[in-house]
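As a plain string of letters, each chain reads:
2 protein chains.
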Amino acid sequence: MAKTVSPLRTSKATIDRLPLYFRTLRLAQDEGIDIISSEELGRRLGITPEQIRKDLASFGQFGKKGVGYYVNELKRNVGEILGLNRHWNIAIVGIGHLGVALANYQNFVSLGFNLVALFDQDPNVIGQRVNHVKVEDSKQLARIVEERHIQIGIIAVPAAFAQEVADELVAAGLRGIWNFAPVKLEVPASVRLVNEDLSIGLSSLSYHLTHAEG
Amino acid sequence: MAKTVSPLRTSKATIDRLPLYFRTLRLAQDEGIDIISSEELGRRLGITPEQIRKDLASFGQFGKKGVGYYVNELKRNVGEILGLNRHWNIAIVGIGHLGVALANYQNFVSLGFNLVALFDQDPNVIGQRVNHVKVEDSKQLARIVEERHIQIGIIAVPAAFAQEVADELVAAGLRGIWNFAPVKLEVPASVRLVNEDLSIGLSSLSYHLTHAEG
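If you read the sequences in order, they're chains A and B.
Under the numbering used here, the residues of the first sequence are numbered 935 to 1148, in order.
Under the numbering used here, the residues of the second sequence are numbered 935 to 1148, in order.
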């Protein structure tokens, strides 16, 4: 079925769209849809059907001409390309309101991510449990990251402390950082950094409301 | 200087990139950069310089050949195109950990959004203050939305309640909804819905870690 994935031949724009495909397919699966056309996928994603056929073709043969894409199969394959079948171990640093909200985020599990550690430096927070995981002292970070084979760290501390935490995560050997602090972090090229910037969604909404007014 | 914006002639892909341009220009401004080339913008955004020149040209004449873009001027213009100079009034519904984290989000103000109301249905939460704004009873939503000219509603309730809240916001006359609940909402075409799906950032990280392993 699917050919070997060759990310080198795939454009960054296509790779950036893969999580969107995965989410849309997950929602279609929840709705009980078995087969979906590139037209319907395009409508849901705001992308042309031509672009969708081109994107998915670069990863292999997932569709059937004149029928559409099998939702379950395509979702499984896109999930594999995204590496979601690997069960990454993740830790959250900073257990304030944002950290607690993230720790309770149900979709982590369904996406195959294991939340295995929570860190904070506040003695009043250390020892508490969030979503069955105990909050541990940030001073133990390096030891625990190694012991529990943590690959991804989520930064949920205030902006002023984010770079310091990023440095600690890098020193501890983490390979990916998901940053929620509204600040630009410096990390070595070997560490993958994804910034979650809430201003993006809000700016997009602002644009569409502005131009809908005419 | 900038020509009249004509969103009808602008592709959805270009519009989706505008908040990214704005964020990158904001960070460059924070770093004290006065002039930025399309090459440097491209490097920071992971987009080709050709695409950047094409995107920005569709909105007007912001650059100077052989010099680059003036960061402050370009940021102000992109901000205007995004409607960020309009001071939208926003409300958050659901003051759990996520709602509190959002209410404390500093960038709202710097982006020109005014947080004017917080709603919850829990009597233990109603009356509390978060970031100087008092939490009010969700039953008062329709009245307060009208009185305070609220245009954008943020849904931070659990998935099971999100559609109900969306219906109330629509009935109250809101024009934009920013949804953090991991569920697909149905709203009329006249209301703009932006979904903040945390699985996107994490999936993207997973992809890059998977394919960096080789």
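Read the hints as simulated data drawn from the structure, not as lab findings.
Incorrect hints may have been included.
Because identical chains cannot be distinguished in the list, a pair is counted as satisfied if it fits within a single copy or across any two copies.
[To be verified] No farther apart than 30 angstroms at their CA atoms in a straight line, the calculated lysine-lysine pairs in the DSS-like style are these:
#: 1; residue 1: 998; residue 2: 1073
#: 2; residue 1: 998; residue 2: 1068
#: 3; residue 1: 1118; residue 2: 946
#: 4; residue 1: 946; residue 2: 1068
#: 5; residue 1: 1118; residue 2: 999
#: 6; residue 1: 999; residue 2: 946
This one's a predicted model, so the numbers in the text were calculated from it and none came from an experiment.
Consistency of the hints with the structure:
1. 998 x 1073: Result: close neither inside a copy nor across copies, 54 angstroms intra and 50 angstroms inter.
2. 998 x 1068: neither (48 angstroms within a copy, 55 angstroms between copies)
3. 1118 x 946: For residue 1118 and residue 946, the Cα distance is within 30 angstroms both inside one copy (21 angstroms) and across copies (27 angstroms).
4. 946 x 1068: neither (38 angstroms within a copy, 44 angstroms between copies)
5. 1118 x 999: Classified as between: cross-chain Cα gap 28 angstroms, same-chain 45 angstroms, threshold 30 angstroms.
6. 999 x 946: So residue 999 and residue 946 pass the 30 angstroms test inside a copy (27 angstroms) and across (27 angstroms) alike.
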